[in-house]
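Position chain B relative to chain A; hints supplied.
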Amino acid sequence: MPAVATNPTLKGVHLTRTYGDGAKRRAALRDVSIDLFPGQLVLLMGPSGSGKSTLLAVMSGLLEPDSGQVLAEDGGDLRDVWTMTPKEREDFRLRTTGFIFQGYNLFPALTARQQLEIVLKWGGYAGGAEARRQADDMLEKLGLLPNRHKKPAHLSGGEKQRVAIGRALVKDPTFVFADEPTSALDWENGQRVMELLRDAAHDRGASILVVSHDHRLLPYVDVYYHLEDGHLEERPLIPAGH
Amino acid sequence: MSYALQTLLHERQRYASGVLAVTFSAVLIALQCGLLLGLFKITSIPIDQTEGRGNSADVWVGSTGVPSVDLGKPIPTSYLTRIAGRPGVGMPELYIANFGNFTKPAGGTELCFLLGTLLDPDSLGAADVLTPELRAALTEPFTIVVDESDVNRLRLDHPYGKPKINGKEVKLVGTVKGLRSLAAPWVFCSLHTARQLLGFLLPPDHVTYLIARCDSPARARAVAKELREQYPDDMTAYTAQEFSTESRVYWLLRTRAGIALGYAALLGLFVGAVITAQTMYSATVASAKEFAILLALGIPRWRIAVMVLTQSFWVGLIGIALAYPICLGLREAVRAKIDVDLRGEILAGTAGVAILMALMAGTWALRSVRRIEPMDLLR
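For the protein sequence lines, the chains are A and B, in the order given.
Residue 28 in the numbering used here sits at position 28 of the first sequence; the count goes up by one each step and never skips.
Residue 64 in the numbering used here sits at position 64 of the second sequence; the count goes up by one each step and never skips.
Same shape as in the complex, but just chain A (with noise of 0.2 Å):
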């Protein structure tokens, strides 16, 4: 584990979330409050419906908590995410943000090469020959640069999953949300994306959250936190092969 800074760029703090009216009203975030460090890969596990996505999605600014404050680190200050107007969320994401989810949601007539310059193009970080000098590069990190000019439907499993990561990556973002990125691969792959994701957290100084299910993860991340009921709860994390 590289050294950690002593500031955190995403905070979470005394975040509550609930669900429905009435009786069916169900907490699924009770006072939580979390710190993200540069540099460091974070696993979010809980049991389903413990309110790990929930989390996720109010600390990557998709969803308003009831009270709380996300605060991430934004030109040297920090900035209340859900005090900022859509528009400016929106920016922030831009700028600053990338996703992994589950399912990989490429899109099926565009090529791995093509998958990446969207974002470079659309999001305006990059045009023409230099949005694709960036995403082959990317590319290249992730071991698919033979695949560039494949289409989803002749990638594998965990090639799909790894043109999603780099999807995610090719904007250099301060933060990457993953949602179970490794569920629906298998063990073999779902490592391998595991050590992209660590390297991308110490390498490029990455805060990233993963949230997932799966405990043999656990090795490959630097803090884990257990989500039970709406509590969190930081635990030790156990070496590798015990």
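Read the hints as simulated data drawn from the structure, not as lab findings.
Given the structure is predicted, the values throughout are model-derived calculations rather than measurements.
Heads up, a few of these hints could be off.
Taking beta-carbon pairs under 10 Å as the criterion, some of the chain A residues facing chain B (in silico) [as the list claims (entries may be wrong)]: (1) D21; (2) L56; (3) S60; (4) W82; (5) K87; (6) R93; (7) R95; (8) T96; (9) F101; (10) G103; (11) L106; (12) P108; (13) A109; (14) L110; (15) V119.
Here are the simulated distance ranges between beta carbons [as the list claims (entries may be wrong)]: (16) B:L5 to A:E88: 28 to 36 Å; (17) B:E345 to A:K87: 42 to 50 Å; (18) B:L266 to A:D21: 43 to 51 Å.
Virtual Cβ for every residue (Gly too), placed ideally from N, Cα, C.
What follows is chain B alone, placed relative to chain A:
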């Protein structure tokens, strides 16, 4: 290649119904309009088929406010003096055009339309398909020429009996090709024969039209305008082109056939629009997860809207590209029987309408884009 077009080609089965709907609408609209124009071209045949084919340097003078060439009322021959002698205007020519009652040789009657003109080679009013032989034959009183498509309709192929017009016996001396008729077969004859056949229907010293050739189309427009302004109460003047258009537009607007064909085209447009809109909507919904990822990554929603609209544009363009050969093929298939006038304006107009329709369908599909939320990917 744009991502929009690439997606369209990759998922062509998904977009096929939309493309075919555009093609269907475009074919229907182009053919209906072409059919309509082709049909109503018939109404201006007396003008268009004269020497020089509706020469734009010709001026036609008829009764006040005459809306179509077949609705002219008698005007005094003396109006010649109003036209003749103007600079750049040739000697006016007499022209008789009137309905007649045709008695078929085998019995029964039919409405016909008499076109009595000068028959000399320089005549402005004589149909240009009348050969010198036919013109010579028509100089004999009570002789007529009809289009070959009307021979059977008028039963002129009947071996016995005598055809009559307004009760007076006539003799068919030949036929011409390509001058189809709508309500009443055209009957070509000399001025003298026309006058004799119309009898009291045409007062003495009256004709239906006076035609004169001008030095240039510009001069013809100027003369027509001068005459209209100078004699607004008892005659009307048009250039040949104006009168031709006036005649077509009059029947286009006045007949129910025009309205019916127009409704059919509108219905086709509506059906095409609904299918295209549904196709675009389904295609957008099917890509909702991919779009949601982009939104999660902070890609502005308008980028996705532009992609959907670009796809709609391509659906329209491909639909049109398929429609054109079909339209032209169908036109050729029926050419012998019906004239489908697929002029450039119709083809361009159809393309415009079809692409607009596709873009509107795309705009409708944008409702689904507005509903896409990245949060849905976490549920």
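Checklist line | Structure versus earlier hints - violations, ascending order | finding: The structure conflicts with hints 1, 4, although it agrees with all the remaining ones.
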